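> Letter by letter, the chains look like this.
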Amino acid sequence: MAKIIIDPVTRIEGHLKIEAVTENGEIKEARSTGTLFRGIELILQGRDPRDAQRYVQRICGVCPTSHSMAATLNLDSAFGIADKIPGNGRLLRNLILGAAHIADHILHFYHLCALDYVDITKVASYQGNDSTLNSIKTFIERGELGPFVPRYEGDYRLSDEANRQAVAHYVEAFHMRRKGQEMLSIFGGKMPHNCAIMPGGVTEVPTVDKITAFLWRLNELRDFIDNIYIPDVLMVAEAYSDYFEIGKGCGNLLSYGSFDLDIKEKDLTKRQRILKQGTVSTDLKLGELDTSKIAEYVKHSWYADYGNGRHPAEGETNPKPGKAGAYSWIKSPRYDGKVYEVGPLARMAVTYASGAPEVKDLIDSVLSRFKAPPSVLFSTLGRHAARALYTKLVADTMPEWLLQLKPGEPVCVDYEIPEEATGMGLVDAARGALGHWIEIKDKKIANYQCVVPSTWNLCPRDDQGQPGPVEQALTGTKIKDETNPFEIVRIIRSFDPCLACAVHLITPKGKDMGRFQVC
Amino acid sequence: MANAKNSEIPVVWLQCATCTGCSVSVLNSVSPTIKNVLIDEVIPGKHVNLRFHATVMAGAGNIVIEELKETARRKKGNYILVVEGAIPTKGNAADYGSIGEDDGREISMLDRVASLASDALAVVALGTCAAFGGIAAGEPNPAGCIGVGELFRRNNISTPLINIPGCPPHPDWFVGTLARVLLLGLPKPDELDEHKRPRAFYGQLIHENCPRRAYFEEGKFAKKFGDPGCLNELGCKGPVTYADCPLRLWNGGVNWCIGSGSPCIGCVEPGFPDLLAPFYEKLTEDALPNIGSSREEV
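Top to bottom, those sequences are chains C and L. My numbering numbers the first residue of the first sequence as 1 and each following residue consecutively. My numbering numbers the first residue of the second sequence as 520 and each following residue consecutively.
Bound-form chain L, shown alone:
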């Protein structure tokens, strides 16, 4: 029987200039599973109502675009807009990226995000592309891609924004943020850092919690791949990257980048990729912050 006390949170998920990797990562959520998120009460008495997601939803074409517009009308001010991928702005923006058509006219990703964001309860920019431009905005940024925050600045949109960067983001970072909203409402401003990332997930440097940290302190550095030792000389960006990967681990806890002997490439940072590349070159001294200091001090 339907539970009268059950309350929903409508979610509209727009894919812009993306590789779909953020969606695939969220499918990898372990507890709750993606089935729990989509079908069950993800928090007792509360469930997610996913209204639009191009990779998952059954429908196609005009009927789903009508559903998208209907959701925006019917759930105005109550839905969470998830944006995956950067937003192309070059030229006539619809030339570089459009999502469906209204009255036979293609609607740009820019216009879709701007109009849906204005009427949302909050916007989650999922992944580094949506948060900061990411790979899509790598030099020479062929499609003029920007993140959601920049779109908000340009269009004077003041809807609350939460950035969940990562290329891709860890599923827990997204599901945990969603659970925060379901349990306690929107995060308070001091729960987010200056890049609007939840401090709960992005509060410490990779380097602070790295299991190879002891090698660093002892000056034992891997010289080639497959060696034990700190990966600093193989290009690791752990010392300038804020994320809890070393504690949380990836894919059900089986591994993570540095765990597999591969240097961190700093994929959650606003400067990714251009300021973090080349990925296999040692950080220069002036790029190294004071190890272990808080992000404000850095």
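If we strip away everything but chain C, and leave its shape as in the complex, we get:
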């Protein structure tokens, strides 16, 4: 038995440590630990409910917009105005959220993942006239290679030409993700941490010049998605095609859906959305979403045992550092008692299973290119492909919303803060299913709970001993070179972990229990 410890795992959001026990080069057991605690939910207690969307965005500066959406849906429901949001308010929220997801997914593929597949140092041998590549060559010749070296070495497979192109795209993607945030800010005010989304609708009013400014940034991004992002994902998939078999995960997917098509239906599990709510497993049969089936377990988390799973609205957080058998501060959310993965793959697969023709066409076109069955979607590369196709789907849908905006008409409705109320907000964040729950007493926040995508994906074992999705995806993986464990970081990063989200409430990280030896 040997152990691989990666602390910190980088190029993710936040602070993560991974321990993998290997035998004969194969991972037998994997454990993930968040290494930061802040406690935003505790900070929210006693505050003005309207401020929630401002605080929760500070859970995560990479995906704040998704938190602002979940919070405002949550507050809309608590304030009794979920079905009263003006058309402009709904559309602007969709556009702001869509812009966030586009920028976020470009950032994820290029700036968080690409360096696992692309060797920037190969540009040293470049002989040509491309100014970007020549500037990188000059950078390499200066001899200080931070932040690109040190790194894992040995498994960079792209041809020199493909590699150079990918490096140029890595740089271009910096500009494109920035443009995505500019686009967002046209209606969102600023990024990170937009200020326009709020209960009742939004604060920004659409005008023709803003619509046009948004549209032409969107057109530029769509061009990048179609002609660079998706082809690059496919190019990586061809060179690293074994990753269609690596990092499979638990085989169950859960989506809350996103992008409201209307707001008549108050029940967010049934609201008409572009991306659908529901569950699928490897058979790709659609299951109906029932939030009463969500429960969080703590047998292997450092909290006092409460016997069985608890629904998040009745969640309890009673820290017990050093509890026997526990190894994480993250709770284990389960759906119908089973382990579920969330993320772009989940929402695309659920929407695929619902029969939506545009999603079927997108996914089937990639599957036919690789002459592969849908089962390959459950993999490291499947997650990257689904994320890129999702980005295209959203970007291609956004022009319709822009044209439906009505300058001069209201963007939000008035409301009263109730003395007492409860609420629930569900939306698919960039990284997957995001749920917020609120309890209001005396017009103040009495309790606020978030169950976030990275809690689903990075959770520990539950009361039944079932490992979490990332733990399952790592287990059984063969590591070619234990000093350069590419396989581990490639699998982890395909989930796009967001630790600031996963540990938003997680109480302090416990002491090293001394159970493991560093190898």
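It should be emphasised that the hints constitute simulated quantities derived from the structure, not laboratory data. Just to be clear, a hint being listed does not mean it is correct.
[Unchecked claim] Covered by chain L, according to a simulated footprint, are these stretches of chain C (three or more residues, beta-carbon under 8 Å):
no.	segment
1	141 to 152
2	184 to 192
3	291 to 302
4	408 to 418
In this text, all values refer to a predicted model and were calculated from it rather than measured experimentally. Here a beta-carbon is modelled for each residue, glycine too, at the ideal position from N, C-alpha and C.
Mind docking chain L on chain C? Use the hints.
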């Protein structure tokens, strides 16, 4: 060919109790772009050498921690330490936040910042959390978070400190401060205000330069969101907040908070968030300073 005259400024960027929003904001820099900052001579003949940044760097695990320690040894007294996020101090600080391991032992954010800050040329506390505690230190401050200045006071660290608050800070505030150091060296003491913020960026009240100021003077106040008018009655904290947002604008100049009809929440101020909340309630009269007076008079 390598330029013999080229000089570098090594940068070590530590993320503590943060949401990573400050890093994302700096990625939004327009001129120079983040590529210019990371790859090119950001000032002719001078370039940034980013040695450690957990969200950007290629490596992971022990090799990057060794690189961090090696940089501190090799570049002692010459590197700029950027701290993003507050520093947890509660209990055994490593329980609440650690960055990597030394010899199999997790090292707290507190210890990492303290040891790297002592040997730095200067420390930039980037964002309101790093400068003053910020959101992470909001009541009841569950992790006992503090800003870098408070850490310096407690540990008698005297390395020059520059605070660039904001939740998040504007990329120009950071890049402009970096350029100041590259061009002319560290800022002189009178270039910073009493909260160690560069006056160039934090010298005037939002309210002084607000395009909605005329509404305020005429007593035209927005009563609900989406209305024209001064946002004072919807809770705007522009009258007590020092930053150049109304002149600089955000995200390539496309918009800013008040521009989108949303009140300023005072995110650059030392009292953020507790003294600025509730965000959508009108400032009380006693909180209103003399509009337009200098910060010392306020």
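> Does each hint hold? Answer for all of them.
Results for each hint:
1. Coverage of the segment 141 to 152 of chain C by chain L holds. Counting CB-CB distances below 8 Å, 11 residues qualify, and the rule asks for three or more.
2. Counting residues of the segment 184 to 192 of chain C whose CB lies closer than 8 Å to any CB of chain L gives 9, so the stated coverage by that chain holds, three being the minimum.
3. With a cut-off of 8 Å between beta carbons, the segment 291 to 302 of chain C has 0 residues touching chain L; three or more are needed, and the interface restraint is violated.
4. With a cut-off of 8 Å between beta carbons, the segment 408 to 418 of chain C has 4 residues touching chain L; three or more are needed, and the interface restraint holds.
Of the numbered hints given earlier, the model fails hint 3 alone.
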